[in-house]
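Once you have looked at the hints, place chain B on chain A.
Protein chains: 2
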Amino acid sequence: MKNRTLPQININRLEQMLSDFAQIGKTDKGGVTRLTLTKVDQQARDLLISISKTAGFKIRIDNFGNIFIRRNGLEDLPVVMTGSHGDSQPRGGRYDGIYGVLAGLEVLLTLNDFNIQTRHPIELVMWTNEEGSRFAPAMMGSAIFTEQLEIETAYKIKDKDGISVKEALEKIGYIGTDKVIGQPIKAVIEAHIEQGPILELNNQTIGIVTGAFGQRWFEVKLTGLAMHAGTTPVNMRQDAILGMAHCIVALNRLALKPSSNDVRLTVGMITASPNSRNVVADEAFFTIDMRHYDADLLADLEIQLRSELTSIADQLNLNINIQRVLSMPAIHFDEQCIDAVRKAVTKNHYASREMISGAGHDACHLSTIAPTSMIFIPCIKGLSHNESEAITTEWCQAGANVLLDTLLILAENGGD
Amino acid sequence: MKNRTLPQININRLEQMLSDFAQIGKTDKGGVTRLTLTKVDQQARDLLISISKTAGFKIRIDNFGNIFIRRNGLEDLPVVMTGSHGDSQPRGGRYDGIYGVLAGLEVLLTLNDFNIQTRHPIELVMWTNEEGSRFAPAMMGSAIFTEQLEIETAYKIKDKDGISVKEALEKIGYIGTDKVIGQPIKAVIEAHIEQGPILELNNQTIGIVTGAFGQRWFEVKLTGLAMHAGTTPVNMRQDAILGMAHCIVALNRLALKPSSNDVRLTVGMITASPNSRNVVADEAFFTIDMRHYDADLLADLEIQLRSELTSIADQLNLNINIQRVLSMPAIHFDEQCIDAVRKAVTKNHYASREMISGAGHDACHLSTIAPTSMIFIPCIKGLSHNESEAITTEWCQAGANVLLDTLLILAENGGD
Numbered sequence: 001m002k003n004r005t006l007p008q009i010n011i012n013r014l015e016q017m018l019s020d021f022a023q024i025g026k027t028d029k030g031g032v033t034r035l036t037l038t039k040v041d042q043q044a045r046d047l048l049i050s051i052s053k054t055a056g057f058k059i060r061i062d063n064f065g066n067i068f069i070r071r072n073g074l075e076d077l078p079v080v081m082t083g084s085h086g087d088s089q090p091r092g093g094r095y096d097g098i099y100g101v102l103a104g105l106e107v108l109l110t111l112n113d114f115n116i117q118t119r120h121p122i123e124l125v126m127w128t129n130e131e132g133s134r135f136a137p138a139m140m141g142s143a144i145f146t147e148q149l150e151i152e153t154a155y156k157i158k159d160k161d162g163i164s165v166k167e168a169l170e171k172i173g174y175i176g177t178d179k180v181i182g183q184p185i186k187a188v189i190e191a192h193i194e195q196g197p198i199l200e201l202n203n204q205t206i207g208i209v210t211g212a213f214g215q216r217w218f219e220v221k222l223t224g225l226a227m228h229a230g231t232t233p234v235n236m237r238q239d240a241i242l243g244m245a246h247c248i249v250a251l252n253r254l255a256l257k258p259s260s261n262d263v264r265l266t267v268g269m270i271t272a273s274p275n276s277r278n279v280v281a282d283e284a285f286f287t288i289d290m291r292h293y294d295a296d297l298l299a300d301l302e303i304q305l306r307s308e309l310t311s312i313a314d315q316l317n318l319n320i321n322i323q324r325v326l327s328m329p330a331i332h333f334d335e336q337c338i339d340a341v342r343k344a345v346t347k348n349h350y351a352s353r354e355m356i357s358g359a360g361h362d363a364c365h366l367s368t369i370a371p372t373s374m375i376f377i378p379c380i381k382g383l384s385h386n387e388s389e390a391i392t393t394e395w396c397q398a399g400a401n402v403l404l405d406t407l408l409i410l411a412e413n414g415g416d
Numbered sequence: 001m002k003n004r005t006l007p008q009i010n011i012n013r014l015e016q017m018l019s020d021f022a023q024i025g026k027t028d029k030g031g032v033t034r035l036t037l038t039k040v041d042q043q044a045r046d047l048l049i050s051i052s053k054t055a056g057f058k059i060r061i062d063n064f065g066n067i068f069i070r071r072n073g074l075e076d077l078p079v080v081m082t083g084s085h086g087d088s089q090p091r092g093g094r095y096d097g098i099y100g101v102l103a104g105l106e107v108l109l110t111l112n113d114f115n116i117q118t119r120h121p122i123e124l125v126m127w128t129n130e131e132g133s134r135f136a137p138a139m140m141g142s143a144i145f146t147e148q149l150e151i152e153t154a155y156k157i158k159d160k161d162g163i164s165v166k167e168a169l170e171k172i173g174y175i176g177t178d179k180v181i182g183q184p185i186k187a188v189i190e191a192h193i194e195q196g197p198i199l200e201l202n203n204q205t206i207g208i209v210t211g212a213f214g215q216r217w218f219e220v221k222l223t224g225l226a227m228h229a230g231t232t233p234v235n236m237r238q239d240a241i242l243g244m245a246h247c248i249v250a251l252n253r254l255a256l257k258p259s260s261n262d263v264r265l266t267v268g269m270i271t272a273s274p275n276s277r278n279v280v281a282d283e284a285f286f287t288i289d290m291r292h293y294d295a296d297l298l299a300d301l302e303i304q305l306r307s308e309l310t311s312i313a314d315q316l317n318l319n320i321n322i323q324r325v326l327s328m329p330a331i332h333f334d335e336q337c338i339d340a341v342r343k344a345v346t347k348n349h350y351a352s353r354e355m356i357s358g359a360g361h362d363a364c365h366l367s368t369i370a371p372t373s374m375i376f377i378p379c380i381k382g383l384s385h386n387e388s389e390a391i392t393t394e395w396c397q398a399g400a401n402v403l404l405d406t407l408l409i410l411a412e413n414g415g416d
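Line by line, the protein sequences are chains A and B.
For the first sequence, full-length UniProt numbering assigns the number 1 to the initial residue and increments by one for each residue that follows.
For the second sequence, full-length UniProt numbering assigns the number 1 to the initial residue and increments by one for each residue that follows.
It is worth saying that the hints were derived from the structure and are not from the lab.
Check the hints yourself; a few may be wrong.
The list makes no distinction among identical chains, and a pair is therefore deemed to hold if it is satisfied within one copy or across any two copies.
Unchecked claim - DSSO-like mimics (lysine-lysine), calculated; alpha carbons at most 30 Å apart, straight line:
#, residue 1, residue 2
1, Lys158, Lys171
2, Lys381, Lys58
3, Lys221, Lys381
4, Lys257, Lys166
5, Lys221, Lys257
So that you can see chain A by itself, here it is in the shape it has in the complex:
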């Protein structure tokens, strides 16, 4: 923090809260296992509510367990929302999600400390089941709040033990009766760890998030001929594994082309048949996860990808089948919200970059019903969904201060 003028968040209190929540579901390697709607999720919810009650905030819980903690404004104007999720991956990190919740809570407490009034109310939300690890799909609470998923459908979704979302909500006592859907929202700002390596590698403390990548997922199957590894000369084969290797190298080359503009392209899953040491493979299967902000580029890359892979298959005398199995459009966050983040960063003199989220977040759903943006802070080595997930005190403080100033801009500081 350089040349900061008051108010500023209380980093000691924020770090203490992060440490207290990290005890709830703590793993032996310093991460957390806090799957949604479990006993430990309930404990995290209880602690959040306890702190918020003490501070005098108004607490509402909707019928999907989303928790809304409101600090009133001077006027009855549309609310400025912030927050994130409290659940984690199995053996996940202690910052993913909960950082955004507690940075928001710290902002509300700081406003109390400094007796700052805002024109608009500010509402902190802890969304139910962002991770989707126990109940798929992910980002469920925000999907229901933004009416992209029917609550009756979601209630019936079961975990691997056959327990439904509704049963789990009832068991931890978090099916609320407050109707929050439909309230006027002025803006939404979610703070989150980056979950990638870009900020740290560029020595930047804040990511001003301008949107989220569109995604196209593919499944590719190559078919050749199973032959004896000893008796078949290498130039007489129809080797499906070799074809797959050429495809993966070509896809990487495509992704690294300057014209591909930092597309995220991943082959993460591979299988082969018969998958035997001394048999030339007759079948190879792999997946492609391709993400970019630019819809036109994504469409163009799909054309290039299909053309390149088909040409490789032809050259190696293989059959190829390319199926697109998922297509999600890119999300463009709201220019005024982004600008509020920019101003908050400038005020605080933090090194920053504008960036696009490669991962999905609750803010992506919220952007469909309200002006939205996000604030990223770095995480060490970009590690996330990992017990080793870590942040520095400096990043922790910077993210919460930027959130504070952004919310003050959007909720309009009415004076102290």
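Okay, now just chain B, sitting in the frame of chain A:
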């Protein structure tokens, strides 16, 4: 067959015998499942013995179920052996192994037909468990006969149902008492289908087999870092699957270099971890099966292979571990035996090539105790270990005629 002078084998009888044996363990797609020491293997043994008895040959069975069918020579000289195996892969082909047995039997019957006497006795052998599908390792009967495997060790080997080799031998009644090991052997000639595509693609009918490839097998493990597919730019990854793809492409390029002299190099087995669509893989594993006749080249290729793969891993910031898990020297067959095959081919005017076996055969073991060579005939599209395995009448006849003339050279035609 062009300009052939008598004697020649009876192609109708040979094809009839091949057809009769193909009924034993026949599969619905025209192949056979005749695993070693099963009821159907017993039936094939019984039929072989029945035909041989009728023809007046002397039958011996050793304590591993290897069957020796002897046609006496004019003198008590070292024996000239031929034959192959009667067992098959599960859902295997109707020619793999049994062709060499029945071509040998047809030669003995032809010698009877033409009243030809040889100076040396000729002995047809059907070796037990060449495939190794039911009881590993493969080529077991010839390994025991050549004293490369202890019989007491082999007896104890069990199939997946817990039945031992000894129990299986007893059950089908083929533990013999004849001691054949140690008898003087002048030469061994095994006829076999090529199990590869080279002869057919070159319009050649006979392969004069000069040896068998040496083999080196490797296991390679690449280790990177698991990262989020959406948040990690492609140029900031340590992607183990990408590393594997580059390795497989480089290995193929190495195999196709003219200086690599038609090395057989196969990546047949691949796995990755976590093998998830939207996670950059932190681990990839693959196998390499590398075969060549030239021991120096094989050693040199191992050096090149290690250097190339290590360099790829370094460039992509991955750890690499390369383990050699198998090393078998090449086998050089006996020049006089090879020359006998050459002369027989020349006499018959068949299109031929000298070639090295990429697969292991009983003849490989026998070559360690006696002068040995092999005769290959083509199989359609090189398919083998496959129910579609097929040969033409022309090839079938050619192989048996070459075997006849080779055995006549080696056993020394004493006149008719």
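Violated constraints from the hint list, given by number and in increasing order: The structure breaks hints 2, 4; every other hint is satisfied.
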